[in-house]
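Numbers in our numbering are just positions in the sequence shown, counted from 1, shifted up by 6.
A hint or two may mislead.
Said to hold, decoys possible - SDA-like cross-link-like pairs, simulated, lysine to any residue; straight-line CA separation at most 25 Å:
| no. | residue 1 | residue 2 |
| --- | --- | --- |
| 1 | 366 | 144 |
| 2 | 280 | 326 |
| 3 | 170 | 340 |
| 4 | 167 | 145 |
| 5 | 69 | 215 |
| 6 | 67 | 368 |
| 7 | 170 | 157 |
| 8 | 239 | 22 |
| 9 | 287 | 366 |
| 10 | 200 | 25 |
| 11 | 388 | 129 |
| 12 | 280 | 22 |
| 13 | 130 | 270 |
| 14 | 332 | 354 |
| 15 | 124 | 139 |
| 16 | 156 | 87 |
| 17 | 200 | 23 |
| 18 | 280 | 174 |
| 19 | 170 | 330 |
| 20 | 239 | 227 |
| 21 | 239 | 204 |
| 22 | 366 | 394 |
| 23 | 67 | 213 |
| 24 | 69 | 230 |
| 25 | 130 | 394 |
| 26 | 67 | 35 |
| 27 | 146 | 331 |
| 28 | 155 | 230 |
| 29 | 69 | 125 |
| 30 | 200 | 364 |
| 31 | 130 | 22 |
| 32 | 69 | 206 |
| 33 | 280 | 306 |
| 34 | 146 | 171 |
| 35 | 388 | 122 |
| 36 | 155 | 100 |
| 37 | 156 | 206 |
If you're looking for bench data, these hints aren't it; they were derived computationally from the structure.
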Amino acid sequence: MEPNLYHGNLYWPNTLQYIPSYPSLAEDIVCDVLIVGGGMSGAISAYILSHEDLNIVVADKRKIAHGSSSANTGLLQYSNDMMLHEFAQSIGEEEAVRFYRLCFEAMEDLKGIAGSLKEDVQFKSRKSLYYASTQQDAAKLQTEYNMLKKHGFPVEYLHEKDIKERFGFSKPAAILTDGDAEVNPQKFVMQLMKEAASQENVQVFEQTEMKELGFSDGYWHFTSDKGATIRAKKVIYSTGYEAALHTNKLGAELNRSFVIATTPIESYPGWEDKSLIWETKRPYFYMRTTYDGRIVAGGLDEDPMEAPSDPAIIQKYGEKLLARIKEHYPDYEIEVDYAYGATFGESVDGRPFIGRHPSKEDIFYCLGYGGNGTVYSMFGAKMIREIIIHGQHPDENLVAPDRPIKESASN
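Throw the hints in and build the complete structure from the sequences for me.
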């Protein structure tokens, strides 16, 4: 039996006014592109490809946006869990900068798409404060600042007194990046899929589990759990963290993390511009604000893959996260309102798995593993579109699923 992707009380489903419904696949169909998975990667891929002259089918075994997208915390950043200068040590400065540029451009694309959607998905541009958890990490942030600045990324270096003045708490040093954002991830996925499905060339099916049968006569053949078949010329697997359960070929690791949403407060005194906040310590703590006055905070990552199902244990982790918020803002009168644990995937080299299947022609992966999953999903969808339409993408080697995997410098 497959593990649950989360346990506990999720916050985002309680922000939804309605949940769009899609049919299960009931008849045999043929398409140009089958997208397996209707979470963040699948929704962005469907939205991007809906503007092409292609017949698209999306199939998800759950309801749309009810896998890990409902447990996503909605922090969107061009910076990665692995810093630019660490990537440079691992893969060379030129390729490291190319990878960071992909992330920065994806942030611009996400802003553009969110702004064009017909409904508000609580997308808000933000800066990110990335602080040194210890004095030793201050030098690392100075190195990171220098490299980001050298290559034109929007960043500011903050000394201890700057952090105290602008954010109200003391840390040895920090960098403040611009160009980041926050979003309601479940609303975002649902609205992307709704607008994709409104196009004549897109069909969306939920509660439809697909099984790959093989390739013949120019098509990949799939059968659903209810016996209907799909023939597709090309296939995108956007099955998120569950893909690692079905293949040992990816250099992926599945862990668990914990998240809370607090009770609402009127304002956030001392917290400049409601910036996203995270730290250099590993595993790191992070926090953001929400449109309805809450704080969403997460961290406490651990090796076991599946989150504990015991509510008392989840509450205990929640109280630890609340204590971390109060280390920064002791005067905030907040309690834990929602708490949950969720499975998440990382790659051992800090990059996602996007692009061509190593041995199966016209099958692609769009797997946004890592702390920057939504950003990876965005550039992954564009990259796969380029490969489908034009045959190649100049940066596909950086994230190719069959790239040689070596441990990251930060692990």
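Hints, one by one, checked against the model:
This hinted pair does not check out: residue 366 and residue 144 have alpha carbons roughly 46 Å apart, beyond 25 Å. Only pairs whose Cα atoms come within 25 Å are accepted, and residue 280 paired with residue 326 is accepted, the gap being roughly 22 Å. Annotation: proposed proximity of residue 170 to residue 340 holds, straight-line Cα distance about 21 Å (limit 25 Å). Taken as a hint, the residue 167 and residue 145 pair is honoured in the structure, with Cα atoms around 16 Å apart against an allowance of 25 Å.
Note on residue 69 and residue 215: the hinted pairing holds, with a Cα-Cα distance of about 11 Å set against a maximum of 25 Å. Our distance criterion of 25 Å between C-alpha atoms is met by residue 67 and residue 368, whose separation comes to about 22 Å. Among the hinted pairs, residue 170 with residue 157 is inconsistent with the structure: their alpha-carbon atoms are about 28 Å apart, more than 25 Å. Restraint check for residue 239 and residue 22: not satisfied, since their Cα atoms lie roughly 35 Å apart, outside the 25 Å limit.
Distance check on the hinted pair: residue 287 and residue 366 sit about 40 Å apart at the alpha-carbon level, beyond 25 Å; violated. Proposed proximity of residue 200 and residue 25 is supported: the alpha carbons are some 10 Å apart, at most 25 Å. At most 25 Å may separate the alpha-carbon atoms for a hinted pair to count; residue 388 and residue 129 meet this at roughly 20 Å. Distance restraint check for residue 280 and residue 22: the Cα-Cα separation of roughly 23 Å lies within the 25 Å cut-off, and the hinted pair is therefore satisfied.
A threshold of 25 Å between alpha carbons decides the hint, and for residue 130 with residue 270 the separation of about 18 Å falls inside it, so the pair holds. With a C-alpha separation of about 32 Å, the suggested pairing of residue 332 with residue 354 is violated against the 25 Å cut-off. A hinted pair counts as satisfied when its Cα atoms are at most 25 Å apart, and residue 124 with residue 139 does not qualify at roughly 41 Å. Proximity of residue 156 to residue 87 is assessed by CA-CA distance (about 20 Å); at most 25 Å being required, the pair is judged to hold.
Pair hint residue 200 plus residue 23 holds up; C-alpha atoms about 14 Å apart against a cutoff of 25 Å. For the proposed pair residue 280 and residue 174, the alpha carbon gap of about 12 Å is at most 25 Å, so the pair holds. Among the hinted pairs, residue 170 with residue 330 is consistent with the structure: their alpha-carbon atoms are about 17 Å apart, no more than 25 Å. Distance restraint check for residue 239 and residue 227: the Cα-Cα separation of roughly 9 Å lies within the 25 Å cut-off, and the hinted pair is therefore satisfied.
The hinted pair formed by residue 239 and residue 204 meets the criterion: a straight-line CA distance of about 22 Å does not exceed 25 Å. Under the criterion of a C-alpha separation no larger than 25 Å, the hint pairing residue 366 with residue 394 is consistent with the structure, at around 14 Å. For the hint linking residue 67 to residue 213, the alpha-carbon distance of about 4 Å falls within 25 Å, and the restraint holds. The suggested pairing of residue 69 with residue 230 holds, with an alpha-carbon distance near 15 Å, which does not exceed 25 Å.
Pair hint residue 130 plus residue 394 does not hold up; C-alpha atoms about 32 Å apart against a cutoff of 25 Å. Using a Cα cut-off of 25 Å, the hinted pair residue 67 and residue 35 holds, with the two alpha carbons roughly 17 Å apart. This hinted pair checks out: residue 146 and residue 331 have alpha carbons roughly 24 Å apart, not beyond 25 Å. Under the criterion of a C-alpha separation no larger than 25 Å, the hint pairing residue 155 with residue 230 is inconsistent with the structure, at around 50 Å.
About 20 Å separates the Cα atoms of residue 69 and residue 125, which keeps this hinted pair within 25 Å; it holds. Distance hint between residue 200 and residue 364 is unfulfilled; the C-alpha atoms sit about 32 Å from each other, more than 25 Å. Between residue 130 and residue 22, the direct Cα distance comes to roughly 18 Å. Compliance with the 25 Å bound is thereby established for this hinted pair. Distance check on the hinted pair: residue 69 and residue 206 sit about 21 Å apart at the alpha-carbon level, within 25 Å; holds.
At roughly 22 Å between alpha-carbon atoms, residue 280 and residue 306 fall within 25 Å of each other, so this suggested pair holds. Taking the CA atoms of residue 146 and residue 171, the gap is about 22 Å. The hint holds against a cut of 25 Å. Under the criterion of a C-alpha separation no larger than 25 Å, the hint pairing residue 388 with residue 122 is consistent with the structure, at around 17 Å. Restraint check: the Cα-Cα separation between residue 155 and residue 100 comes to about 15 Å, which is no more than 25 Å; the hinted pair holds.
Between the alpha carbons of residue 156 and residue 206 the distance comes to roughly 46 Å, so the proposed pair goes past 25 Å and is violated.
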